[in-house]
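> Spelled out from the first residue to the last, the chains are:
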Amino acid sequence: MKLTHLKAYARVWLKLTAQQFESQVANARGAAALFILGKVFRLGSALLLVYVVVGKAKLIAGYSLNEAIFLLMLFNLAQTISQLFLRGVYIFRQKVVDGTFDFYLLNPLSELFYSLFSYTDPLDMIVTTPYIFLVGWAWVNAGYAITLPLILLLVVILIISTIMVTAWHIIIISIGIKYLEVDNTVMLYRDLERMGAFPVAIYGRAGENILTYIFPFALMSTIPAQLIFGMFNPWYLLIFATLALVQLQIALFIWHRSLLSYSSASS
Amino acid sequence: MHKYLSIFGITLQEIFTYRLNMVMWRVRQIFVFLIPFFIWRAVLGQGGDIYGYSFATIMTYLFGTTVLRSLVMGSRTIDLGWMINSGSLTIPLMRPLNIFSFFFIRDLADKLFNLTFMFIEIPLILLIFKPPVFIQTNPLIVLYATVSILLAIIIYFFINVIFGSLAFWTRDIWAPRFLLMVIMEIATGAMFPLDMLPLFWQKLIFATPFPYLLFIPLKIYLGTDPQFLSHILIALGWVFFLGVITKLVWRKGIKSYEAEGR
Chain V
1 MKLTHLKAYA RVWLKLTAQQ FESQVANARG AAALFILGKV FRLGSALLLV
51 YVVVGKAKLI AGYSLNEAIF LLMLFNLAQT ISQLFLRGVY IFRQKVVDGT
101 FDFYLLNPLS ELFYSLFSYT DPLDMIVTTP YIFLVGWAWV NAGYAITLPL
151 ILLLVVILII STIMVTAWHI IIISIGIKYL EVDNTVMLYR DLERMGAFPV
201 AIYGRAGENI LTYIFPFALM STIPAQLIFG MFNPWYLLIF ATLALVQLQI
251 ALFIWHRSLL SYSSASS
Chain B
1 MHKYLSIFGI TLQEIFTYRL NMVMWRVRQI FVFLIPFFIW RAVLGQGGDI
51 YGYSFATIMT YLFGTTVLRS LVMGSRTIDL GWMINSGSLT IPLMRPLNIF
101 SFFFIRDLAD KLFNLTFMFI EIPLILLIFK PPVFIQTNPL IVLYATVSIL
151 LAIIIYFFIN VIFGSLAFWT RDIWAPRFLL MVIMEIATGA MFPLDMLPLF
201 WQKLIFATPF PYLLFIPLKI YLGTDPQFLS HILIALGWVF FLGVITKLVW
251 RKGIKSYEAE GR
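Quick note, the sequences are listed as chains V and B, same order. Numbering-wise, the first sequence is residues 1 to 267 according to this note's numbering. Numbering-wise, the second sequence is residues 1 to 262 according to this note's numbering.
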């Protein structure tokens, strides 16, 4: 991809995101507040679950209450950032069913770009900042020092996990093209993702491997936490980076195959 | 009656139209059980108890909420907001139907679908995870639990109509529904038994209709709710209260319905 192409994508994305923000302001100002309240409440209830379970049991898979809270905060941040750009998946099925996807195909920019990134929710950007502070708070609370190399490694992990998350979202919308089903598939993915809010060791050896090497959910909390607790060798990140790129290639292959079966039924 | 039977049949056909969608929905219902199962196994799998719950009792509770959730919270009325916004509500409005009966029949079809699939899923869960299952043998308690479940179904129906009706006034119904979903996840007792919470939070949650959707019916079934009669009466009170609110909201909302897009 040339630099000019990248600029075009960035410009279109900014325009689409600005439009999305304008639409929210025009149509549902109160809804934005409710949405943020919902997000805060969801985090609060997850925190409550950790508190109720680990607070009484003292340890979960060898992690203390404060360490488990740090894991949850890391997961919450990674989940929000990875979803930030991928909101298009939630309305993708409708675009295929009503034929709007035809216009994506006719556009000079990639149809995949429109399918995934065209509905970035500005509210997600607003909540990201306090989530970063919450990670910082939980980090200190867990009793570990915040250092620049660790922050940089966390950013690297975040990038790798976002690539893997994107690959999975591409596979999900590919299923949408072929079988006209996205909504429950993406919600099933979300249900699985929630498993990442706890140390993956609790899911047994098979579950741990699936959540680490097939899905990116261990990368969203357990692995970065282990890195900070000194239980993970950062060189292993090279393996995960390779894995993420392989997954992305496989996802793109599936996407292109699925496009061959698109019949533009409704237009 | 015949027309409502037709709606029942058509709703089932709708569900089966997108088969992968249907399968994914059912797989999700199993996952609802999986996550808490692993969390509690990690904490209580080696023995001991927390808040008076052993691994066996917490599994019985979670298995029960998984089954009840499919029955009580399976609903087609959640489409109401979309129907208002897209204008497709006009079609049932123009037909010689009671609109509430129309939605309730659709809900019942959804519940029958869920119930049917549970007969496949329950043995699967039992086979793989072997959670202890408690079968209530006291017919009187079974009767009370059935009444409590029926009330829960009606309460959930009214809650859905009220929240769906918000679309009469706002385009964005996703945000309030998202908030409702998040609140219900914890306040119904789906995540963990509500009696694990500090007393203040229990009192706060019991001032809402949500515990009467899953927590109370299940406690009655398990025979561990000493105040089951007063809880059934409170649930009945919620049915009447939410019924009145539903009618008021609907009557006001329908006046501002513009059938956009039709």
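Hints are computed from structural coordinates only; laboratory data are not their basis. Some hints here could point you the wrong way.
The list that follows gives simulated cross-link-like pairs (lysine-lysine, DSSO-like), each with its CA atoms no further than 30 Å apart [what the hints assert, rightly or not]:
(1) LYS111/B <-> LYS58/V
(2) LYS58/V <-> LYS203/B
(3) LYS178/V <-> LYS111/B
(4) LYS95/V <-> LYS203/B
(5) LYS56/V <-> LYS247/B
What follows is a list of derived Cβ distance ranges for each label pair [unchecked claim]:
(6) PRO234/V <-> GLY45/B: 31 to 41 Å
(7) SER256/B <-> VAL25/V: 37 to 47 Å
(8) VAL27/B <-> LEU248/V: 51 to 61 Å
(9) LEU14/V <-> GLN136/B: 36 to 46 Å
(10) ASP49/B <-> ARG190/V: 24 to 34 Å
(11) THR242/V <-> PRO132/B: 53 to 63 Å
(12) THR242/V <-> ILE128/B: 29 to 39 Å
(13) ILE135/B <-> LEU37/V: 37 to 47 Å
(14) LEU115/B <-> TRP235/V: 49 to 59 Å
(15) ARG257/V <-> SER256/B: 39 to 49 Å
Cβ atoms here follow ideal geometry from the backbone N, Cα and C, with glycine treated the same way.
> Now, for every hint given, state plainly whether the structure supports it.
Going through the hints against the structure:
1. With a CA separation close to 40 Å, the supplied pair LYS111/B and LYS58/V exceeds the 30 Å bound.
2. At most 30 Å may separate the alpha-carbon atoms for a hinted pair to count; LYS58/V and LYS203/B meet this at roughly 26 Å.
3. About 28 Å separates the Cα atoms of LYS178/V and LYS111/B, which keeps this hinted pair within 30 Å; it holds.
4. Annotation: proposed proximity of LYS95/V to LYS203/B is violated, straight-line Cα distance about 45 Å (limit 30 Å).
5. This hinted pair does not check out: LYS56/V and LYS247/B have alpha carbons roughly 45 Å apart, beyond 30 Å.
6. Here the CB-CB span from PRO234/V to GLY45/B is close to 32 Å, well matched to the stated 31 to 41 Å.
7. Between SER256/B and VAL25/V the beta carbons are some 22 Å apart, a value that contradicts the proposed interval 37 to 47 Å.
8. Look at VAL27/B against LEU248/V: about 25 Å separates their beta carbons, and that is not inside 51 to 61 Å.
9. In this structure, LEU14/V and GLN136/B break the distance hint of 36 to 46 Å, their C-beta atoms being roughly 60 Å apart.
10. In this structure, ASP49/B and ARG190/V meet the distance hint of 24 to 34 Å, their C-beta atoms being roughly 32 Å apart.
11. Between THR242/V and PRO132/B the C-beta distance comes to about 44 Å, which lies outside the given range of 53 to 63 Å.
12. A beta carbon spacing of about 33 Å between THR242/V and ILE128/B agrees with the range 29 to 39 Å that was offered as a hint.
13. For ILE135/B paired with LEU37/V, a C-beta distance near 41 Å keeps the hint of 37 to 47 Å intact.
14. Restraint check, LEU115/B to TRP235/V: a C-beta distance of roughly 52 Å satisfies the suggested window 49 to 59 Å.
15. Our hint of 39 to 49 Å for ARG257/V and SER256/B holds, since their Cβ atoms are close to 47 Å apart.
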